[in-house]
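Q: Sequence:
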Amino acid sequence: MQSTVPDFWQMIWDQNTRVIIMVTSLTEKGVERCADYLPPSEVLDCHRLFGDYQITLKKREVKEKFIISNLQLKNLETNLWRDVTHLWYGGWPVQGVPSDPNAMLAFVMEARSHMKTNSGPHVVHCSPGTGRTGTVIACDMAIRDFELTRTVDVPKTVYAVRRCRAGAVQTRDQYALIYKVYK
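For the sequence shown, the UniProt record's numbering assigns the number 1 to the initial residue and increments by one for each residue that follows.
Hints in this document: simulated from the structure, not taken from any laboratory.
Cβ coordinates follow ideal geometry from the N, Cα and C atoms, glycine included.
Treat the hints with caution; some may be incorrect.
Stated by the list, open to error - Label pairs and their computed distance ranges (CB to CB):
hint	residue 1	residue 2	range
1	P6	S119	19 to 25 Å
2	T151	L76	35 to 41 Å
3	M11	K180	30 to 36 Å
4	L80	T151	24 to 30 Å
5	K180	L80	41 to 47 Å
6	S119	G91	47 to 53 Å
7	T149	K59	31 to 37 Å
8	P128	E77	46 to 52 Å
Full structure from sequences and hints, please.
A: Here is the structure:
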């Protein structure tokens with residue numbers, strides 16, 4: 001997986017992505033689930049190089065259930081840079097859901113606070129990009145619907161997500177989490 005990291009950062013640059021939402025651990029049950037594409041967390045202004053990109057850690061805030069990293073993404077070919085916010089919910093259990101829907105709500109709301117209208121698409125990923133990823137996206141959509149209309153049609157929301165990504169929201173527990181998060 002490590003060989004794909006330069007392509008990942010190329011995509012982030014090309015799409016002008018400013019928010020990355022990660023809902024997987026690097027390894028789960030001894031199996032690599034995601035390449036390590038961030039600078040080490042111990043030292044601010046520490047950077048890593050991936051292809052034509054330098055990623056520098058500017059700030060890291062550790063919350064109870066997730067980590068927020070402010071990164072500087074520099075294109076070494078053009079010498080231009082952009083700020084990128086990385087939110088990592090590492091406490092999502094394998095084959096399960098977070099036990100505290102309020103923590104998931106806080107995570108989604110924190111992610112939304114970093115989203116700006118003048119940036120490109122936000123990137124949400126787990127390992128395969130279906131169950132957890134689809135659940136986070138559906139939670140965000142449900143919260144937005146509730147804010148606008150004070151109602152949420154969870155089946156319709158999940159259907160909309162699945163039209164874009166087959167297999168999104170894979171389990172009954174993930175489906176139930178969507179209800180719990182917006183209420």
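Q: Do the beta carbons of P128 and E77 sit within 46 to 52 Å of each other?
A: violated, 32 Å
Q: Quick check on a hinted range of 47 to 53 Å for S119 and G91, using CB atoms only.
A: Roughly 27 Å apart at Cβ, these two residues miss the hinted range, so it is violated.
Q: Does the beta carbon distance between K180 and L80 stay inside 41 to 47 Å, or does it fall outside?
A: holds, 42 Å
Q: Given a hint of 19 to 25 Å, does the C-beta separation of P6 and S119 actually sit inside it?
A: Given a distance of about 21 Å, which is inside 19 to 25 Å, the answer is holds.
Q: Per the hint of 30 to 36 Å, is the separation of the Cβ atoms of M11 and K180 within bounds?
A: holds, 32 Å
Q: Between L80 and T151, is the Cβ distance one that fits in 24 to 30 Å?
A: violated, 44 Å
Q: Okay, T149 versus K59 on CB: inside 31 to 37 Å?
A: For K59 against T149, whose Cβ atoms are near 36 Å apart, the range 31 to 37 Å holds.
Q: Could you tell me whether the CB distance from T151 to L76 stays inside 35 to 41 Å?
A: violated, 49 Å
The structure shown violates the earlier hints numbered 2, 4, 6, 8.
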